[in-house]
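From first to last, the protein sequence lines stand for chains X and A.
Taking this note's numbering as reference, the numbering of the first sequence is continuous, increasing by one, and the terminal residue is 588.
Taking this note's numbering as reference, the numbering of the second sequence is continuous, increasing by one, and the terminal residue is 424.
Everything labelled a hint here was simulated from the structure, so no lab data went into it.
In this text the structure is predicted, and so the values were computed from the model without any measurement.
Where a beta carbon is used, it is the ideal one built from N, C-alpha and C, also for glycine.
Do not rely on the hints blindly, as some may be mistaken.
Stated by the list, open to error - A few chain A residues that don't get close to chain X, going by computed Cβ distances all over 12 Å:
| no. | residue |
| --- | --- |
| 1 | Gln326 |
| 2 | Thr329 |
| 3 | Glu384 |
| 4 | Ser403 |
Stated by the list, open to error - Derived DEER-like restraints, expressed as beta-carbon distance ranges:
| no. | chain 1 | residue 1 | chain 2 | residue 2 | range |
| --- | --- | --- | --- | --- | --- |
| 5 | A | Glu363 | X | Arg587 | 24 to 34 Å |
| 6 | X | Ser503 | A | Phe369 | 21 to 31 Å |
| 7 | X | Asp573 | A | Leu320 | 21 to 31 Å |
| 8 | X | Gln491 | A | Asn365 | 41 to 51 Å |
| 9 | A | Asn368 | X | Gly493 | 40 to 50 Å |
| 10 | X | Gln486 | A | Phe405 | 40 to 50 Å |
| 11 | X | Ser489 | A | Ser316 | 18 to 28 Å |
| 12 | A | Gly361 | X | Gly493 | 25 to 35 Å |
| 13 | A | Glu393 | X | Ser507 | 37 to 47 Å |
For reference, the chains in residue letters:
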Amino acid sequence: TQLLEQSPQFLSIQEGENLTVYCNSSSVFSSLQWYRQEPGEGPVLLVTVVTGGEVKKLKRLTFQFGDARKDSSLHITAAQPGDTGLYLCAESGVNDYKLSFGAGTTVTVRA
Amino acid sequence: EAGVTQSPTHLIKTRGQQATLRCSPISGHTSVYWYQQALGLGLQFLLWYDEGEERNRGNFPPRFSGRQFPNYSSELNVNALELEDSALYLCASSLFVGGSYNEQFFGPGTRLTVL
Chain X
478 TQLLEQSPQF
488 LSIQEGENLT
498 VYCNSSSVFS
508 SLQWYRQEPG
518 EGPVLLVTVV
528 TGGEVKKLKR
538 LTFQFGDARK
548 DSSLHITAAQ
558 PGDTGLYLCA
568 ESGVNDYKLS
578 FGAGTTVTVR
588 A
Chain A
310 EAGVTQSPTH
320 LIKTRGQQAT
330 LRCSPISGHT
340 SVYWYQQALG
350 LGLQFLLWYD
360 EGEERNRGNF
370 PPRFSGRQFP
380 NYSSELNVNA
390 LELEDSALYL
400 CASSLFVGGS
410 YNEQFFGPGT
420 RLTVL
C-alpha cells in the first residue's frame with residue numbers, strides 16, 4: 478500500500494480567493510479519486526482521474542493528474558463558504574479495490 | 310435514487326460490549342466496503358464484501374467482522390469493544406465492474422462511542 482501525502486494540512490482563505498491542494502505519492506497511481514467530507518458526514522465523490530495529464534473541471538473546481546501519475550491537484554476558483562470541508566484524495570488498489578486515503582486538507586472559506 | 314444508508318446514526322456502548330452497524334447500498338450495487346475514521350488516524354479500510362463473500366479485509370483484529378446479505382445489505386460487528394474503537398464507521402458501495410477501480414459512494418456513517 479503506497480502512502481498518499483496531502484498538502485497543506487490546513488488552509489484558511491477569504492471568500493473569493495483561489496486555492497490549490499495537492500496529493501502526491503512516490504509510486505504510480507492506478508487511479509485517483511477526490512472526495513469532500515463535511516463534519517459528521519460521509520465523503521462525497523467529486524471526481525476520478527485515470528489518465529496521466531488528465532484535466533477535469535467541475536464548475537469552479539479543476540482537477541489535474543500529473544503526467545507520471547504520481548501527483549494530483551485540486552484547484553478551486555473564487556472559493557465560497559460552501560466549499561469548506563475536508564478534501565481527501567484516495568487511490569483504489571488494483572484488484573482489491575480498497576481505497577487508501579491521504580490524511581486530507583481541511584479547507585475553511587471565511588465569508 | 311436513494312444513496313447509501315446507514316443505521317444507527319449514533320451508538321454508545323461500554324467497553325467489552327458488542328456493536329452492530331448496518332448498511333444498505335445504492336440499488337444495483339453489489340459491493341459494500343467498510344471504513345473506520347478515527348480521530349487523528351484518517352480513513353482506514355476495514356472490509357470489502359461482494360456477492361455475499363468477504364473479498365478483502367484491512368489490518369484490523371478478528372473481533373471486527375461482518376457479513377453481506379442476499380439483498381446486498383451488510384452489517385459490521387465489533388466484539389469486545391475497546392475505547393480506541395470509538396470512531397465514525399463509514400460504509401461505501403459500488404458496482405463491481407472490474408478493471409483498475411470501482412467508484413465508491415459513501416453513506417453518512419455511524420458514530421460509535423465506547424465509554
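Results of checking the hints against the structure:
no.	hint	verdict
1	Gln326	holds (23 Å)
2	Thr329	holds (19 Å)
3	Glu384	holds (17 Å)
4	Ser403	violated (8 Å)
5	A:Glu363 / X:Arg587: 24 to 34 Å	violated (45 Å)
6	X:Ser503 / A:Phe369: 21 to 31 Å	holds (25 Å)
7	X:Asp573 / A:Leu320: 21 to 31 Å	holds (28 Å)
8	X:Gln491 / A:Asn365: 41 to 51 Å	holds (43 Å)
9	A:Asn368 / X:Gly493: 40 to 50 Å	holds (43 Å)
10	X:Gln486 / A:Phe405: 40 to 50 Å	violated (34 Å)
11	X:Ser489 / A:Ser316: 18 to 28 Å	violated (35 Å)
12	A:Gly361 / X:Gly493: 25 to 35 Å	violated (51 Å)
13	A:Glu393 / X:Ser507: 37 to 47 Å	violated (31 Å)
The structure shown violates the earlier hints numbered 4, 5, 10, 11, 12, 13.
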